[in-house]
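**Q** Protein sequence lines, in the order shown, are assigned to chains A and B.
Numbering of the first sequence is given in our numbering, commencing with residue 38 and proceeding in unit increments.
Numbering of the second sequence is given in our numbering, commencing with residue 38 and proceeding in unit increments.
It is worth saying that the hints were derived from the structure and are not from the lab.
All figures in this text were calculated on a predicted structure; none of them were measured in a lab.
Treat the hints with care, as some may be off.
It does not matter which identical chain is meant; a pair holds if it fits inside one copy or across any two.
Unchecked claim - Derived pair list, reagent style DSBU-like, types lysine-lysine, alpha-carbon separation capped at 30 angstroms: (1) K97 x K201; (2) K242 x K330; (3) K197 x K355; (4) K182 x K138; (5) K348 x K143.
2 protein chains.
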Amino acid sequence: MKLLEINFDGKNFFVSSEEFISELKKSFIGNFKLGTLFLDLIEVIYLCEIRNAIVREKTKILNIENLFEKFYSKNLLRKYYVYRDWKNRGLFLTFLERIKKENYGKSPIKKYPSFEFKIPEEYKKIKFYFLEDEISSISFDPKAKELFENFWFGQYGIYKNYEKGKFLFLDYIETLYLAKNGFKFFDFSNRQLSYEDLEKAIKKKFEIADYLLEVYEDWRNNGYVVKTGYKFGTHFRLYFPGASPTKKGKEWQHSKHAIHVFPQEVKMPMNQWARAIRVAHSVRKTFITAIPKARKEEIETQIDYVAYHRKENNEVEKPNIDKPSFLITSLWEDEELSGSYLANALKIADELGLRLLIAIVDKESSITYYVANKIELPNSKCTYYEIEWINP
Amino acid sequence: MKLLEINFDGKNFFVSSEEFISELKKSFIGNFKLGTLFLDLIEVIYLCEIRNAIVREKTKILNIENLFEKFYSKNLLRKYYVYRDWKNRGLFLTFLERIKKENYGKSPIKKYPSFEFKIPEEYKKIKFYFLEDEISSISFDPKAKELFENFWFGQYGIYKNYEKGKFLFLDYIETLYLAKNGFKFFDFSNRQLSYEDLEKAIKKKFEIADYLLEVYEDWRNNGYVVKTGYKFGTHFRLYFPGASPTKKGKEWQHSKHAIHVFPQEVKMPMNQWARAIRVAHSVRKTFITAIPKARKEEIETQIDYVAYHRKENNEVEKPNIDKPSFLITSLWEDEELSGSYLANALKIADELGLRLLIAIVDKESSITYYVANKIELPNSKCTYYEIEWINP
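With the hints as constraints, model all of the structure from the sequences given.
**A** Written out as structure tokens, the structure is:
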């Protein structure tokens with residue numbers, strides 16, 4: 038292969054030779070304007086590393102080390118790793134500045150149905166005790182067993198063997214939900230606690246309790262059964278209507294969704310987030326990220342690339358010819374992802390009608406990709422995305 | 038079955054009837070003293086729920102609801118769930134106050150061998166650039182490729198396809214380790230950075246970097262290869278000596294250990310910790326918790342039970358006859374576990390020659406158990422435990 042020479046004029050990287058322009062255009066590298074192919078620094082480094090290109094600045098030759106010394110800017114390496122990985126997969130990608138800002142209509146929304154749900158008034162007479170230090174509630178009322186059997190609130194007796202139990206246990210989200218719906222709670226000196234008392238005690242220990250409640254309400258009020266997702270490393274797991282704790286054996290309906298609530302002001306390391314998705318994936322549950330409305334706005338979001346993927350016939354999508362499929366935002370494995378960063382990136386992707394791909398770069402140059410698919414749930418207060426691990 | 042009656046004299050719960058004493062003694066429930074069997078509140082609740090016992094206080098009868106109203110104390114419910122679960126498995130357990138304080142010799146220590154390791158001086162001439170905002174380093178020096186090939190420091194080129202790469206990448210722990218061992222680091226304006234400069238920049242972003250380094254050194258200096266454990270949700274993964282990134286196919290040595298570093302001043306929700314163990318387990322890696330020495334001491338630790346398990350012949354161990362096997366400390370799934378809480382509990386277990394069992398109680402009364410086995414690694418600064426999920 039002929040030595041590929043890239044020019045640098047102190048401002049831009051470019052290729053003028055027709056032969057090289059034609060070679061690079063085939064790989065959809067560079068931005069062609071008025072007879073010249075302009076290259077981004079990322080593209081230049083890629084060509085130096087993979088294609089043994091050299092860069093000429095007047096009489097000097099710049100190698101890859103010189104490029105880093107001269108032009109290194111924030112997160113260059115992480116972005117470069119993602120670029121190289123995508124190219125090495127035989128796929129194409131470009132930069133946000135190089136595409137038309139329109140709605141590409143490539144982010145189909147998945148609809149989740151709504152089912153009627155109402156708790157009959159008769160249950161609201163059940164007396165609950167709130168255990169402040171264990172942030173949960175119990176009831177010894179015989180009617181509490183029915184509340185469990187018919188609506189799967191709390192846990193009566195022992196999991197999957199409830200019959201011989203003597204009391205119903207509610208976690209703090211169930212406590213808040215039932216209190217909001219007219220159930221009565223007392224402490225052990227039989228003082229009645231208001232919803233505000235309960236909320237205050239719970240929020241002291243679990244700051245994001247109100248966000249969790251919003252998500253719980255979104256699904257419960259649509260008829261779904263929402264239970265703890267502890268075993269799957271998420272806040273909740275979800276059952277479709279009809280699921281019941283009294284069914285046995287083959288009748289038992291399995292949960293197929295794990296919900297993780299990601300408030301905008303919460304930050305979590307990427308690896309923790311990825312781990313939760315990984316666990317959900319390993320137990321064959323769909324991982325849903327719930328994004329409550331922001332209490333305060335902030336943050337700029339970094340969109341690194343616009344990426345082309347594959348068509349239904351498995352042919353590779355091409356820039357200039359096909360519509361792109363993804364926006365890529367990338368992060369180091371130990372970088373923190375904030376809820377609002379994610380929310381903004383998802384919003385930008387939604388506006389362009391593309392799906393967001395979150396690329397996590399590990400310390401050994403491997404990239405893991407997660408794609409977000411928007412969900413529609415009737416009358417919901419939060420926005421929801423299914424997050425899926427993909428191997429592009 | 039005859040109605041089991043428990044007496045309460047305003048201070049103690051007890052059973053005096055010989056018939057019931059003999060029944061309960063068979064289940065190793067209660068503490069026999071001078072002809073009377075004294076019961077703990079937990080045991081009383083258990084007998085009320087499972088055995089339909091009643092409690093008599095003078096002329097009054099107390100049911101399970103009355104017991105909670107009258108005697109509820111911190112974490113009673115969580116402790117009760119663990120007690121009930123252990124009993125329902127057909128196993129026995131008692132309280133720390135009821136056993137002799139001696140070393141039971143039932144916590145065998147697993148020894149990890151040491152292997153010689155030294156980096157030859159010739160490599161220390163390699164020039165590294167430190168990328169402050171990406172908290173990592175790169176080198177374009179041709180010798181850097183050998184450092185990767187021979188000692189598996191960093192990542193050269195692409196993971197499992199390194200040959201065509203043009204530079205070596207180091208993460209921040211590798212950066213600190215090599216800097217401490219005499220390697221030189223520069224910024225892109227070719228100013229040399231001291232170890233202190235690097236440490237300061239790294240600790241600004243990763244507070245626990247120095248703890249991670251201690252663990253990294255413990256293993257590296259014993260000849261092991263330590264790499265990021267990102268994919269398994271832990272800080273590190275571990276290879277035995279002889280592992281090399283240049284080996285291909287069947288020659289490739291797989292990592293069999295995932296290391297999670299848990300400094301004493303760090304707190305993490307139980308479910309996050311459990312999730313990491315779960316991922317390690319699902320990829321068949323041994324999960325190792327590293328506990329660095331405390332910078333400051335604190336915290337009291339709650340040991341809930343002394344538990345009897347099974348003998349080698351699978352017979353159930355019995356109090357008064359056999360030695361116990363475990364100390365149990367229990368936590369709610371969303372409670373926070375602090376490194377020092379864990380360290381203290383492990384210390385108490387070590388002193389008694391028992392193994393620590395961490396019982397995590399979920400919101401549906403299910404208990405997940407994790408057992409800790411001490412590891413011995415020569416000249417190590419931290420203490421190490423293999424943590425294993427068990428189904429007792």
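**Q** Taking 30 angstroms as the upper bound on the Cα-Cα distance, should K197 and K355 be classified as within, between, both, or neither?
**A** Between copies only: 28 angstroms across, 53 angstroms inside.
**Q** Classify it for me, K348 with K143: is the Cα-Cα distance of at most 30 angstroms met within a copy, between copies, both or neither?
**A** within (11 angstroms within a copy, 61 angstroms between copies)
**Q** Under a CA distance limit of 30 angstroms, which applies to K182 and K138: within one copy, between copies, both, or neither?
**A** neither (57 angstroms within a copy, 43 angstroms between copies)
**Q** Within, between, both or neither: how does the pair K242, K330 come out at a Cα-Cα threshold of 30 angstroms?
**A** Result: close both inside a copy and across copies, 21 angstroms intra and 28 angstroms inter.
**Q** Is the C-alpha distance from K97 to K201 at most 30 angstroms within one copy, between copies, in both cases, or in neither?
**A** Answer is between; shortest inter-copy Cα gap is 25 angstroms, intra-copy 84 angstroms.
The structure is inconsistent with hint 4 alone, although it conforms to all the rest.
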